[in-house]
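Can you build the whole structure from these sequences, using the hints too?
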Amino acid sequence: MPTEQAYYADETQHGNYQYVTATEILAAMEMEALDDDSYLKNTPRYKMFYHLRQGIKEITRQASNEPLAIEFIVPETLVWTMPPNYVDYYRVSVVVTDNATSSKRLMPLDINQNINTATGYVQDNANALTFDGDGNVITDDISNAYAIPYKTYQFLGDFNKDGVGYNHGYTNNYSRIDTAKLSEYGEFKPDPKRGKLLFSSQLSGQTVVLEYISDGLQNDLTSDEITVHKEIEQCLKDWIYAESIRMKRNVPQSERESARRRYKTTLHSAKIDRMDFNLVELNRAMRTKTMLP
Amino acid sequence: MISIDRVYKTVLTYVNSDIRGNVTPAELKLAVNDSVQEIYEEYIIELNRFLNRENRGLIGGGIENMPDRIREKLQHFSTTATLTYSAPNFQLPANYRYIDMVYTNLGRVEIMKNAREFRTILNFSHTAPTLTRPIALQQGTNLKILPTTIVSNVSIDYLRNPLLANWTYNVVSGAEIYNPSANDHQDVDLHPSEENNLIIRVAQRFGVNLKETDLQASTTSEKTQDSNNEMQS
Chain A
0 MPTEQAYYAD ETQHGNYQYV TATEILAAME MEALDDDSYL KNTPRYKMFY HLRQGIKEIT
60 RQASNEPLAI EFIVPETLVW TMPPNYVDYY RVSVVVTDNA TSSKRLMPLD INQNINTATG
120 YVQDNANALT FDGDGNVITD DISNAYAIPY KTYQFLGDFN KDGVGYNHGY TNNYSRIDTA
180 KLSEYGEFKP DPKRGKLLFS SQLSGQTVVL EYISDGLQND LTSDEITVHK EIEQCLKDWI
240 YAESIRMKRN VPQSERESAR RRYKTTLHSA KIDRMDFNLV ELNRAMRTKT MLP
Chain B
0 MISIDRVYKT VLTYVNSDIR GNVTPAELKL AVNDSVQEIY EEYIIELNRF LNRENRGLIG
60 GGIENMPDRI REKLQHFSTT ATLTYSAPNF QLPANYRYID MVYTNLGRVE IMKNAREFRT
120 ILNFSHTAPT LTRPIALQQG TNLKILPTTI VSNVSIDYLR NPLLANWTYN VVSGAEIYNP
180 SANDHQDVDL HPSEENNLII RVAQRFGVNL KETDLQASTT SEKTQDSNNE MQS
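Protein sequence lines, in the order shown, are assigned to chains A and B.
Here numbering that gives the first Met the number 0 is used: the first residue of the first sequence is 0, the next is one more, and so on.
Here numbering that gives the first Met the number 0 is used: the first residue of the second sequence is 0, the next is one more, and so on.
Certain hints may be false.
Computed cross-link-like contacts, SDA-like style, restricted to lysine to any residue with a CA-CA straight-line distance of at most 25 angstroms [claimed, not checked]:
hint: 1; chain 1: A; residue 1: K247; chain 2: B; residue 2: L158
hint: 2; chain 1: A; residue 1: K40; chain 2: B; residue 2: E63
hint: 3; chain 1: A; residue 1: K40; chain 2: B; residue 2: K222
hint: 4; chain 1: A; residue 1: K56; chain 2: B; residue 2: A127
hint: 5; chain 1: A; residue 1: K46; chain 2: A; residue 2: Q252
hint: 6; chain 1: A; residue 1: K192; chain 2: A; residue 2: P148
hint: 7; chain 1: A; residue 1: K46; chain 2: B; residue 2: T129
hint: 8; chain 1: A; residue 1: K56; chain 2: A; residue 2: R44
hint: 9; chain 1: B; residue 1: K112; chain 2: A; residue 2: N249
hint: 10; chain 1: A; residue 1: K236; chain 2: B; residue 2: I120
hint: 11; chain 1: A; residue 1: K40; chain 2: B; residue 2: L158
hint: 12; chain 1: A; residue 1: K46; chain 2: B; residue 2: F117
Keep in mind that the hints were calculated from the coordinates and are not lab data.
As C-alpha cells, then:
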C-alpha cells in the first residue's frame with residue numbers, strides 16, 4: 000500500500016484499492032488448501048486457476064454491473080468490429096454537441112432489427128443453390144447491410160410542415176408516418192455472430208460510444224493481472240471452493256451442497272452491492288419527473 | 000544427530016555375550032544404516048496414518064500433535080538448494096530423496112504427478128503455465144520446468160538422504176578403540192527422539208543375524224508395544 004502522497008502522484012494507482020488481482024485470490028485459496036483437514040487439500044493450483052477464470056466470467060456476467068466504454072468514428076461502411084472481449088452491449092450512443100454549452104453529450108441510439116444481417120445463399124440463374132468443391136453451400140453478403148449500407152429515413156422535426164419526407168409517397172399525409180421507424184440520432188444493430196456493429200447512414204463519420212459488458216477477463220486473456228472488484232471477491236472465492244469440491248468423491252454431499260448455497264448467497268449479496276442503487280438517486284429521479292411539465 | 004558411539008555401546012550391552020559372540024564395527028554400520036533407512040521411509044506411512052486419525056478428531060493440538068511431531072522428524076532432513084540448469088532441464092541435487100517445494104523468484108512451481116497430467120495441462124489454454132504459475136515434471140534426476148523461459152533462479156526445498164553413520168576406531172592392542180576425530184566419522188543422522196527406536200531395530204537385526212530367537216522376540220515385542228502405544232494415544 001503506497002503512501003497517500005505516492006498514491007495521488009501515480010495515476011496508475013488511482014482506483015486500484017477497489018480491486019484485487021486474480022493472483023491474490025489464487026494465493027488465498029492455496030492458503031486454504033494447506034490445512035491437513037481441508038477439503039481443498041490435494042487440489043492442484045491449475046484447477047483452482049481454471050475455476051477462478053470460469054468464476055470471473057460467470058460472476059461478472061451476473062453481478063459485475065461494470066460496463067466498459069469505447070469511442071470511435073463510424074466509417075463509411077457503417078460497420079464497426081466489436082472489441083475482442085465483447086459479450087453484450089449495454090448502450091450505444093452518438094456524441095452530440097450541445098449548442099448552448101458547447102459540451103459533448105451522449106444521445107442513445109435506437110436498435111433497428113430491420114437492418115439486414117442475413118447471410119445470402121449464392122444461387123444460379125435458375126435460383127438453385129451453388130456449392131463449393133467441398134460440397135458446402137456458397138454464401139456471400141448479397142443484400143444485407145454489409146453489402147449495401149443501411150440508409151435511414153430523415154427525421155422530420157415538424158410533422159405539420161409541408162414537404163418531402165417520410166410519408167410513403169403520400170404527399171402531406173403525415174398521419175401515415177410510422178413513427179416507430181423514426182430515430183432522431185440514428186440506429187444500430189449488433190451482429191454478435193460476426194462480431195460487428197452495423198449503423199444507419201446518418202451516423203457515418205459521427206463519433207459513437209459503445210458501452211458494453213465484458214466477461215471480466217478484459218485486461219489480457221493470458222495475464223495474471225486480471226482484477227476483480229472487492230465486492231465480488233468473496234463470491235469468487237466461494238465459487239472456486241464449490242467448484243473445486245464438486246467432483247470430489249470423498250467430499251460429503253452435504254458439504255458440496257453447503258458450498259453451493261454459500262456461493263449463491265454471496266452472489267446475491269454481490270449483486271446487491273454492485274447494483275449501484277440507493278434511495279437518494281431514486282429520490283432525485285422522482286423529483287425530476289415531477290418537475291416536468 | 001544421535002551419538003553412534005552410544006548406540007554401539009547400548010547395542011553391545013544387549014547383544015554381546017560369551018554365547019552370542021561380538022558385534023563388529025562393520026556389522027554395526029550395516030545394521031544402523033539399514034535401520035535408519037527403514038525408519039525414514041516409515042515416517043511417511045506413519046504421517047499419513049496419523050493424519051487420518053487427526054481428521055477423525057483423535058489428535059490433540061499441542062505437543063501431543065503426532066502429525067506435527069512426525070513432520071518435525073522429517074524436517075531433520077529438510078534442506079534448500081539452488082537448482083542448476085543444464086538445457087533443457089534442471090538437475091536435482093545428488094542427495095535429494097523427496098521434493099518438498101520448487102520455486103522461482105515469482106512463486107511456486109507446481110510439480111505434476113505424472114507425464115499425463117503434465118501434457119494434459121499443456122493442451123488446455125486456460126491452465127497453460129506462465130512465469131507466475133510454472134509447472135514441472137520430474138524425470139529421474141531431471142526437472143523439466145515450463146515455461147521454458149525459466150532457466151535460472153530456481154530453488155528447491157527437499158528432504159535429503161540420511162548421512163551414512165560410521166563408528167570410526169583405532170586398533171590398539173587388538174581392540175577397537177572409538178575415534179570420533181576421524182575424518183569419516185559420522186553420527187547417526189536421525190532426529191534425537193529416535194535413539195531408542197534405532198537401538199531396538201539394530202538389536203533386532205543382530206538377533207536375526209545371530210539366530211537368537213529370544214533377542215528377536217523381545218525386540219519385536221517392544222516394537223509392537225511402541226506401535227500400539229502410538230495408535231492408542
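Quick rundown of the hints versus the structure:
Distance hint between K247 (chain A) and L158 (chain B) is unfulfilled; the C-alpha atoms sit about 30 angstroms from each other, more than 25 angstroms. Only pairs whose Cα atoms come within 25 angstroms are accepted, and K40 (chain A) paired with E63 (chain B) is accepted, the gap being roughly 23 angstroms. Of the supplied pair hints, the one linking K40 (chain A) and K222 (chain B) is violated, its CA atoms being roughly 32 angstroms apart against a limit of 25 angstroms. Between the alpha carbons of K56 (chain A) and A127 (chain B) the distance comes to roughly 18 angstroms, so the proposed pair stays at or under 25 angstroms and holds.
For the given pair, K46 (chain A) sits about 20 angstroms from Q252 (chain A) by alpha-carbon distance, which is consistent with the 25 angstroms threshold. A distance of roughly 18 angstroms separates the Cα atoms of K192 (chain A) and P148 (chain A); the hinted pair therefore holds under the 25 angstroms criterion. For a cut-off of 25 angstroms, the pair hint linking K46 (chain A) to T129 (chain B) stands: about 14 angstroms separates their Cα positions. At most 25 angstroms may separate the alpha-carbon atoms for a hinted pair to count; K56 (chain A) and R44 (chain A) meet this at roughly 19 angstroms.
Proximity of K112 (chain B) to N249 (chain A) is assessed by CA-CA distance (about 19 angstroms); at most 25 angstroms being required, the pair is judged to hold. About 22 angstroms separates the Cα atoms of K236 (chain A) and I120 (chain B), which keeps this hinted pair within 25 angstroms; it holds. Under the criterion of a C-alpha separation no larger than 25 angstroms, the hint pairing K40 (chain A) with L158 (chain B) is consistent with the structure, at around 21 angstroms. Taking the CA atoms of K46 (chain A) and F117 (chain B), the gap is near 13 angstroms; set against the 25 angstroms cutoff, the hint holds.
Violation of the numbered hints given earlier is confined to hints 1, 3; the remaining hints are satisfied by the structure.
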